[in-house]
Amino acid sequence: MEPTREVKTTLTDVLDRLLDKGLVLNADLVITVAGIPLVAISLRAAVAGMETMLKYGVMEDWDKSIRGLNKEAICQR
Amino acid sequence: MNGINALKNPEDAYCVEEGIYVYCIADGEAFPFLKNKGLGGCDVWTYKCMDLFAVLQNCPAEYLTKKDEETLKAWVLIHQKVIDEVSGKSGALLPFGFGKVLNKREGITPVESLKNWIEQNHQSLKEKLERVRGKDEYGIQVFLDASGIQAELAENSIEIARIKNAIASSSEGMAFLYQEKLSRLVSAELERKACEFFSIFYSNIKEFADEIKMESTKNSAPGKKMIMNLSCLVSKEQVQLLGYLLEDIEKDERFNVRFTGPWAPYSFV
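One line per chain: the protein sequences are A and B, in this order.
Heads up: the first sequence begins at 1 in my numbering, then just goes up one per residue.
Heads up: the second sequence begins at 1001 in my numbering, then just goes up one per residue.
If you are wondering where the hints come from, they were derived from the structure by calculation, not from laboratory data.
Glycine included, C-beta positions come from ideal geometry on N, C-alpha and C.
Honestly, I wouldn't trust all of these hints.
Across the chosen pairs, the derived CB separations fall in these ranges [claimed, not checked]: (1) A/E2 <-> B/E1180: 37 to 47 Å; (2) B/N1156 <-> A/D20: 39 to 49 Å; (3) B/S1157 <-> A/D20: 21 to 31 Å; (4) A/D20 <-> B/K1224: 23 to 33 Å; (5) A/D20 <-> B/E1172: 48 to 58 Å; (6) B/K1035 <-> A/D20: 27 to 37 Å.
Whenever a hint applies, use it, and build me the whole structure from the sequences.
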């Protein structure tokens, strides 16, 4: 089995890693961007319902473009 | 460029007053600019400090908060794209999560703050880089065909068969109570089975992963149950073997496996 980040990979996988994880800077150095936790919540909420939306043809264009970006990233590796 | 000035060259970094967005810390040969553009189409540049370098773009914090949801979604992927490019060029890297901005404070420029931070944490950063060198993060999610397992349990469990008989021969009210009991019993059995499978798969996966982080399981499609959600740090030479193992798991029709990656080691820094 080959690991994938293309067709089967959704934005959820990226968000899971980018929003809560990664290297931590000292709290007094980093500017607390007040919008970020809210951004995380709203992005997650949007993504959680995405499969259903795709099922009914909503957000298809957006999904294609995002997956296109993701595919491009893979090709560059 | 939405009011954000691009740098003419990385040496101008100390002049950046408004804020810098940090992507990652890496080692290896630094390169001045990245091919990929960053958030808002800004140039992404590197800042060398000691034997490490940071990948940055200039970006005041306010710039990040004013964006609409669609833009932010696209930016999350741009962040990942930049990390991917660095990953292909650097020795090892430690990624930051999305949205980390350093601003000017007490007369110190953001780059000076970053420089101080790298110098103070140099030893720890080096250790972390060594820990992830030659390895990538992979996501493994295993789904159980819950409907299939429930049917299997219903056929094989004496207790379940007994309750089913009781339902058939009871009044409507009693049948409802038995039905409730049955669904609780089936759920408990399903959980027990899921735990059994988890421990078998986990110990097998452990053979091929240097480190494993257990993530919480999520709701999945009806009839499916996510029994395992792992982030694994895997060395490049073990990935194929891990793939074979997961292939074997998926040969059993009761399971579906999602194997994603390679990712930068977000869960192991």
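These are the hints, each one checked on the structure:
1. A/E2 <-> B/E1180: 37 to 47 Å: At roughly 45 Å between Cβ atoms, B/E1180 and A/E2 fall inside 37 to 47 Å, so the hint holds.
2. B/N1156 <-> A/D20: 39 to 49 Å: holds, 41 Å
3. B/S1157 <-> A/D20: 21 to 31 Å: violated, 40 Å
4. A/D20 <-> B/K1224: 23 to 33 Å: holds, 24 Å
5. A/D20 <-> B/E1172: 48 to 58 Å: holds, 49 Å
6. B/K1035 <-> A/D20: 27 to 37 Å: holds, 28 Å
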